[in-house]
Amino acid sequence: MVDHFNVLGLGRKAEIPDDEIQKAFHALSREQHPDASAAKEGGDFAVVSEAYRVLGNPATRLKHLLALEFEERDDKPGAGGAGISEDLVQLFGKVGGALQAADEILAKREKQQTALGKAVLAKEELERQGKLRELAAFVDEEIGSACARFGEIDGLLESDREAGRQIGEALAARLGFLTKWQAKIREKIMEFV
Amino acid sequence: MDGDDVIVGIDLGTTNSLIGVVDSGFPILLADAEGARLLPSVVSFPESESGGEVLVGAPALRARALHPARTVTSVKRLMGRRAGEITGKEELGFAVAGEAGEPLRIAIPGLESRYAPEEISALILGRLKENAEKALGFSVSRAVITVPAYFNDAQRTATMRAGELAGFAVERILNEPTAAALAYGLDRLTEKSRVAVYDLGGGTFDISILELHEGVFQVIGTHGDTQLGGDDFDAALAASMEDGRWKMEDGVEAAAIGVRARLLEAAREAKEKLSVEEEVVVRLPFLVDGENLERTVTRGEFEKLIAPFLDRTRRHCLHVLADAGLEPGDLDEVILVGGSTRIPRVRTLVAEIFGREPNLSQHPDEAVALGATIQGGILSGALKEMVLLDVTPLSLGIETFGGLMNVIIARNTTIPAKAGEMFTNAVANQESMLIRVLQGEREMANDNWELGKFEIPFEKGQRGSARVGVQFAIDENGILEVLARDTVRNHDKVLKIVDAAVDVEDAKVESMISESVEHAFEDMNARKWTEARLKSEELLPAVKAGVAALRSKMKEGEVSRIEAAAHEVKAALENEPRDLRRLQEANDRLDEVTQGLAGLLVEKAMDEALEERP
Numbered sequence: 001m002v003d004h005f006n007v008l009g010l011g012r013k014a015e016i017p018d019d020e021i022q023k024a025f026h027a028l029s030r031e032q033h034p035d036a037s038a039a040k041e042g043g044d045f046a047v048v049s050e051a052y053r054v055l056g057n058p059a060t061r062l063k064h065l066l067a068l069e070f071e072e073r074d075d076k077p078g079a080g081g082a083g084i085s086e087d088l089v090q091l092f093g094k095v096g097g098a099l100q101a102a103d104e105i106l107a108k109r110e111k112q113q114t115a116l117g118k119a120v121l122a123k124e125e126l127e128r129q130g131k132l133r134e135l136a137a138f139v140d141e142e143i144g145s146a147c148a149r150f151g152e153i154d155g156l157l158e159s160d161r162e163a164g165r166q167i168g169e170a171l172a173a174r175l176g177f178l179t180k181w182q183a184k185i186r187e188k189i190m191e192f193v
Numbered sequence: 001m002d003g004d005d006v007i008v009g010i011d012l013g014t015t016n017s018l019i020g021v022v023d024s025g026f027p028i029l030l031a032d033a034e035g036a037r038l039l040p041s042v043v044s045f046p047e048s049e050s051g052g053e054v055l056v057g058a059p060a061l062r063a064r065a066l067h068p069a070r071t072v073t074s075v076k077r078l079m080g081r082r083a084g085e086i087t088g089k090e091e092l093g094f095a096v097a098g099e100a101g102e103p104l105r106i107a108i109p110g111l112e113s114r115y116a117p118e119e120i121s122a123l124i125l126g127r128l129k130e131n132a133e134k135a136l137g138f139s140v141s142r143a144v145i146t147v148p149a150y151f152n153d154a155q156r157t158a159t160m161r162a163g164e165l166a167g168f169a170v171e172r173i174l175n176e177p178t179a180a181a182l183a184y185g186l187d188r189l190t191e192k193s194r195v196a197v198y199d200l201g202g203g204t205f206d207i208s209i210l211e212l213h214e215g216v217f218q219v220i221g222t223h224g225d226t227q228l229g230g231d232d233f234d235a236a237l238a239a240s241m242e243d244g245r246w247k248m249e250d251g252v253e254a255a256a257i258g259v260r261a262r263l264l265e266a267a268r269e270a271k272e273k274l275s276v277e278e279e280v281v282v283r284l285p286f287l288v289d290g291e292n293l294e295r296t297v298t299r300g301e302f303e304k305l306i307a308p309f310l311d312r313t314r315r316h317c318l319h320v321l322a323d324a325g326l327e328p329g330d331l332d333e334v335i336l337v338g339g340s341t342r343i344p345r346v347r348t349l350v351a352e353i354f355g356r357e358p359n360l361s362q363h364p365d366e367a368v369a370l371g372a373t374i375q376g377g378i379l380s381g382a383l384k385e386m387v388l389l390d391v392t393p394l395s396l397g398i399e400t401f402g403g404l405m406n407v408i409i410a411r412n413t414t415i416p417a418k419a420g421e422m423f424t425n426a427v428a429n430q431e432s433m434l435i436r437v438l439q440g441e442r443e444m445a446n447d448n449w450e451l452g453k454f455e456i457p458f459e460k461g462q463r464g465s466a467r468v469g470v471q472f473a474i475d476e477n478g479i480l481e482v483l484a485r486d487t488v489r490n491h492d493k494v495l496k497i498v499d500a501a502v503d504v505e506d507a508k509v510e511s512m513i514s515e516s517v518e519h520a521f522e523d524m525n526a527r528k529w530t531e532a533r534l535k536s537e538e539l540l541p542a543v544k545a546g547v548a549a550l551r552s553k554m555k556e557g558e559v560s561r562i563e564a565a566a567h568e569v570k571a572a573l574e575n576e577p578r579d580l581r582r583l584q585e586a587n588d589r590l591d592e593v594t595q596g597l598a599g600l601l602v603e604k605a606m607d608e609a610l611e612e613r614p
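Residue numbers (the numbering used here), protein chains in the order written: chain A, 1 to 193; chain B, 1 to 614.
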């Protein structure tokens with residue numbers, strides 16, 4: 001398995017500031033991008049680009065870190081459904097419901113041929129859009145607080161590896177769901193504009 | 001400087017094209033013998049194969065007024081597209097040919113040959129090459145050519161082919177907004193900043209967000225529409241000027257094409273004047289049968305006509321911000337490029353979207369060409385210390401079980417990029433697997449653009465026994481190569497998407513054809529009646545609810561006008577025998593008189609939504 005941390009010349013840990021990752025990526029781009037005047041023969045920029053893509057996203061970064069630490073394939077799903085907490089299940093229901101409600105009103109709006117027909121729906125439309133925005137803000141917060149625990153994971157991987165693995169995998173699974181939902185919600189909001 | 005080392009930069013635009021070169025570390029644009037840097041992207045053909053020369057640029061533009069049907073403009077909008085995709089809605093002044101699903105060809109009256117869009121583009125590129133060689137005094141053979149960031153694989157490949165046909169080795173296909181960012185950032189190499197480039201040209205729109213830091217130009221996200229630009233504004237204005245009197249939409253025959261060309265030209269002039277004046281008078285003497293057209297157009301009217309197009313650019317801007325996870329306040333500058341950004345309303349719109357005054361430091365017509373020239377300089381080594389990290393604008397994937405799109409490389413991934421996935425057989429004893437390569441953002445495979453497909457054979461076995469690895473590689477031009485490997489037998493198959501346009505079995509075309517057959521069997525009048533009835537059934541209850549909620553805020557005259565119009569719709573619905581025209585007209589009237597009410601209703605909903613916020 002490729003060690004993406006190694007590719008970017010970064011220490012193997014979960015907690016890395018975003019701009020540090022970008023800085024490492026830019027430095028390597030200057031050496032390895034096919035256009036760069038200092039480009040070395042035989043460098044493969046696609047490898048650098050892939051490392052940036054994986055490490056630039058906190059969810060995939062944590063997953064990759066754990067896969068490296070415990071020598072598992074990182075294209076396999078995590079330890080299974082065991083780590084999914086109750087609050088996430090509930091949030092999933094909310095997200096699904098809000099997306100469906102949004103689809104319904106959007107489909108209705110799509111069918112209207114006249115300005116007046118659309119205007120009658122405006123109130124409901126705004127309400128559902130508002131719901132989505134609230135959810136998006138909430139999911140953002142959840143992602144933030146999950147990432148705030150990266151330092152703790154790094155600590156545990158030094159002191160109590162098994163605990164680090166368990167908490168880390170649950171957190172990676174959680175972040176995986178949250179980032180996926182976040183993208184879905186944002187895309188749906190765009191359909192209202 | 002020498003011909004073999006030099007890489008020229010070319011902006012192959014919808015309306016105008018330019019060429020430049022880096023000289024002593026500075027990008028400069030090259031002029032023709034008359035001193036003009038802008039070459040109109042227009043080609044005019046002679047009457048017959050033997051009767052005269054093909055005109056390119058300004059002379060072709062002049063010939064357009066005399067021979068509109070033999071003059072090709074805005075060919076960029078046709079690059080890499082299939083015949084079936086061009087609908088009557090598109091404002092072409094000339095005829096296109098080709099069976100649905102096949103590569104599109106341009107037909108010139110009197111000429112045997114049919115021209116591919118890239119052949120027309122090659123003529124324009126060839127003229128730029130000649131102009132550059134005359135200006136430089138040596139021959140040039142290597143080029144960077146720009147394309148809209150939102151061009152798909154087929155459109156990029158067609159552009160590359162146009163360059164090759166013109167005798168260039170195409171060193172790079174470069175995205176236009178990225179090129180503009182290079183021009184902007186050339187003097188700001190030590191700064192760290194995050195900028196958006198809003199690029200609205202003659203035929204295409206792009207919005208890109210970049211981060212500039214110590215000579216690295218990293219594209220964070222890009223969005224756009226390859227069929228949206230100044231041409232659409234001209235067409236909308238022309239259609240409003242002629243009020244349907246001369247039936248522009250029937251304009252296939254030569255005479256109609258002539259009328260249309262004059263109208264479009266007058267609309268374009270009026271549009272340009274309206275950027276500085278509040279109103280213009282358009283006069284077209286003897287337009288049809290000795291009849292004159294004279295009309296006053298105000299800037300306000302024009303702005304109303306282009307509002308729907310500008311609203312589309314607004315959506316793309318919000319999309320790219322969402323993709324990048326940014327707020328407008330996170331940007332340091334919003335740079336405007338493209339000729340259509342001269343329109344005052346475009347500038348105020350950009351200010352509204354991003355909450356800041358746009359940056360007008362770049363020349364709207366020249367920034368992209370300068371950027372292409374800079375990239376040429378980077379590639380040839382004439383400019384050091386700069387590197388450009390661009391992204392793929394559209395997701396790439398393959399069709400998987402259930403007709404879904406499985407994304408392999410997501411949009412906005414930095415290129416060059418590689419990614420792969422393993423697949424297996426879904427049923428026992430399957431002997432091969434069909435790989436459909438797709439580009440686009442839709443969930444259903446069939447809603448995306450198909451780039452190509454191929455079959456990979458494997459050994460029969462139980463369900464799940466086969467192992468096929470599919471690897472996608474996008475090169476620095478944004479062009480895709482797909483490798484499928486049967487890992488059990490080590491059998492490779494490579495698909496290079498070179499001429500994806502020659503794919504007749506495209507599912508889209510199939511569905512288009514079956515739809516058109518269905519419609520042919522339907523009674524057109526019955527269908528139109530149903531459509532009109534649905535519109536009435538939408539309006540009538542909405543009128544009732546709207547008037548009930550807002551009667552106190554409406555003027556008495558307005559209420560009675562609406563009620564009278566609603567009454568006429570009801571009467572037309574109940575009238576026997578059915579009078580389609582009457583119902584359509586009644587609907588239109590009711591739709592028209594309720595516009596104000598619709599606005600009030602939306603305002604009310606927004607006020608209420610605001611009040612409910614904590």
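Honestly, the hints are just simulated from the structure, not real lab data.
Note that the coordinates shown come from a computational prediction; the quantities given were computed from them, not determined experimentally.
Certain hints may be false.
[To be verified] Per the computed footprint, the stretches of chain B lying under chain A, defined by three or more beta-carbons under 8 Å from a beta-carbon of chain A, are:
no., segment
1, 376-388
2, 404-417
[Claimed, not checked] Cut-off 30 Å, straight-line C-alpha distance, at most; resulting in silico cross-link-like pairs (BS3-like, lysine-lysine):
no., chain 1, residue 1, chain 2, residue 2
3, B, K418, A, K23
4, A, K111, B, K493
5, B, K544, B, K555
6, A, K108, B, K570
7, B, K304, A, K108
8, B, K418, A, K118
9, A, K118, B, K570
10, B, K553, A, K108
11, A, K131, B, K555
12, A, K118, B, K544
13, A, K108, B, K493
14, A, K118, B, K304
15, B, K460, B, K493
16, A, K23, A, K111
17, A, K111, B, K418
18, A, K23, A, K123
19, B, K304, B, K453
20, B, K418, A, K180
21, B, K528, B, K544
22, A, K184, A, K13
23, B, K134, A, K111
24, B, K528, A, K180
25, A, K108, A, K23
26, A, K131, A, K111
Backbone N, C-alpha and C fix where the C-beta goes; we use that ideal spot for every residue, glycine too.
Do the hints match the structure? See the list:
1. 376-388: Holds, because 7 residues of the segment 376-388 of chain B bring their Cβ atoms closer than 8 Å to Cβ atoms of chain A.
2. 404-417: holds (count 5)
3. K418(B) x K23(A): Since the Cα atoms of K418(B) and K23(A) sit roughly 22 Å apart, the hinted pair holds (cutoff 30 Å).
4. K111(A) x K493(B): violated (45 Å)
5. K544(B) x K555(B): holds (16 Å)
6. K108(A) x K570(B): Holds: K108(A) and K570(B) sit about 23 Å apart, inside 30 Å.
7. K304(B) x K108(A): Holds, at roughly 26 Å.
8. K418(B) x K118(A): violated (45 Å)
9. K118(A) x K570(B): Holds, because 20 Å separates the two Cα atoms, which is no more than 30 Å.
10. K553(B) x K108(A): Given that 30 Å is the threshold and the Cα spacing comes to 27 Å, the pair holds.
11. K131(A) x K555(B): Violated, at roughly 35 Å.
12. K118(A) x K544(B): Roughly 14 Å separates the two Cα atoms, so the pair holds.
13. K108(A) x K493(B): Given pair K108(A), K493(B) is violated - Cα atoms ~46 Å apart, limit 30 Å.
14. K118(A) x K304(B): Within the cut-off at roughly 19 Å; holds.
15. K460(B) x K493(B): Between K460(B) and K493(B) the Cα gap is close to 18 Å, so the pair holds against 30 Å.
16. K23(A) x K111(A): violated (49 Å)
17. K111(A) x K418(B): violated (41 Å)
18. K23(A) x K123(A): violated (46 Å)
19. K304(B) x K453(B): violated (44 Å)
20. K418(B) x K180(A): This hinted pair holds, its Cα atoms lying about 22 Å apart.
21. K528(B) x K544(B): holds (25 Å)
22. K184(A) x K13(A): holds (28 Å)
23. K134(B) x K111(A): Violated, at roughly 58 Å.
24. K528(B) x K180(A): violated (43 Å)
25. K108(A) x K23(A): violated (47 Å)
26. K131(A) x K111(A): holds (22 Å)
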